[in-house]
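Sequences listed follow chains A and B, in order.
Going by the working numbering, the residue at position 9 of the first sequence is 9; the numbering climbs one at a time, nothing skipped.
Going by the working numbering, the residue at position 70 of the second sequence is 70; the numbering climbs one at a time, nothing skipped.
Honestly, the hints are just simulated from the structure, not real lab data.
Treat the hints with care, as some may be off.
Unchecked claim - In silico SDA-like pairs for lysine to any residue, Cα to Cα no more than 20 Å straight-line:
hint : chain 1 : residue 1 : chain 2 : residue 2
1    : A       : K38       : B       : Y26
2    : A       : K38       : B       : S102
3    : A       : K38       : B       : A73
4    : A       : K39       : B       : V17
5    : A       : K38       : B       : N83
6    : A       : K39       : B       : E45
7    : A       : K38       : B       : S87
8    : A       : K38       : B       : M92
9    : A       : K39       : B       : S102
10   : A       : K105      : B       : G43
11   : A       : K38       : B       : S54
12   : A       : K39       : B       : Q42
13   : A       : K109      : A       : D82
14   : A       : K38       : B       : A56
15   : B       : K22       : A       : K39
16   : A       : K38       : A       : K109
What the hints assert, rightly or not - The following residues of chain B were derived to be distant from chain A, with all beta-carbon distances above 12 Å:
hint : residue
17   : L3
18   : T29
19   : Q38
20   : G43
21   : T75
22   : A81
23   : T101
From a predicted model like this one, the values you see are computed outputs, not experimental measurements.
Glycine included, each C-beta is placed from N, C-alpha and C at the ideal position.
Letter by letter, the chains look like this.
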Amino acid sequence: DIVLTQSPVTLSLSPGDSATLSCRASQSVYNYFAWYQKKPGQAPRLLIYDASNRATGIPARFSGSGSGTDFTLTISSLEPEDFAVYYCQHRNNWPPMYGFGQGTKLEVK
Amino acid sequence: GQLVQSGAVVERPGASVKVSCKASGYNFTLYYLHWVRQAPGQGLEWMGVINPISRAANYAQRFQNRLTVTRDASTSTFYMALNSLTSDDTAMYYCASVLMTSDIWGQGTLVSVSS
């Protein structure tokens, strides 16, 4: 199974700061990769798919990069509503087999 | 489009649970339907997926022997059945349809396992 390792575990920043979250895969996942935001009491929200494409309705301050085994989610100029837990996800399409990283908690400093 | 899941349930250890997920407002046959869970204080865990046309399913290795994901042949309803429940299965369970540029998620179903 592919293992995704996210870093850091917790990131403490202030509104207006820029955030950089990382995710490393145990083997290449090419660009079959996504980022999600999760808030308490809400379903996960897709932010980025195919490693670098913003999902429908996602603000431009969210951007994704990377391919192969190393991926980055950047959030420029944090808004108060951006403080949440972020998960990376690999998406193997044949056979369909997905998996999540353990999450990075973005908290207010 | 939307996915509407069945309500919260409480089950005994060793029992089985079946959660439903009804799709509406979009062509659900075009997109795989996934199941994801989140235990209290834990992260997201991908469980399995079903092809809505062929009804072929794939499961995460740790659920291979006790998870079954199905689709009702005559309706737009999907099911997730998990057997041999333990307290570790207490979690919020979500269904999700992965579209091309977005996802549709159900509201979640809380499954509590307690004696």
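### Holds or violated: K39/A to Q42/B, with C-alpha atoms at most 20 Å apart
holds (13 Å)
### Task
Please settle this one: T101/B was flagged as non-interface, so is its CB more than 12 Å from every CB on chain A?
violated (5 Å)
### Query
Straight-line Cα separation of K38/A and A73/B no greater than 20 Å?
This hinted pair is violated, its Cα atoms lying about 32 Å apart.
#### Entry: Least C-beta distance between T75/B and chain A, which was stated to exceed 12 Å
holds (22 Å)
#### Entry: Given hint D82/A paired with K109/A - CA-CA distance at most 20 Å
Given pair K109/A, D82/A holds - Cα atoms ~13 Å apart, limit 20 Å.
### Task
Measure nothing beyond the straight line between the CA atoms of K38/A and K109/A; if it is 20 Å or shorter, mark the hint as holding.
holds (19 Å)
### Query
Keeping to a limit of 20 Å between CA atoms, is the pair of K38/A and Y26/B held or broken?
violated (24 Å)
### Task
Sort out whether A56/B lies within 20 Å of K38/A, counting only the CA atoms.
The hint is violated at about 29 Å.
### Query
For the pair supplied as a hint, K38/A and N83/B, is the alpha-carbon distance within the 20 Å limit?
violated (27 Å)
### Query
Regarding the pair K39/A and S102/B, is the alpha-carbon distance no greater than 20 Å?
The given pair, whose Cα atoms are some 18 Å apart, holds under the 20 Å limit.
### Query
Holds or violated: K22/B with K39/A, Cα cutoff 20 Å?
Outside the cut-off at roughly 23 Å; violated.
### Query
Taking 12 Å as the cut and beta carbons as the points, is A81/B off the interface with chain A?
A81/B clear of chain A: closest Cβ-Cβ about 19 Å, beyond 12 Å.
In this structure, the hints that do not hold are numbers 1, 3, 4, 5, 7, 11, 14, 15, 17, 19, 20 and 23, in rising order.
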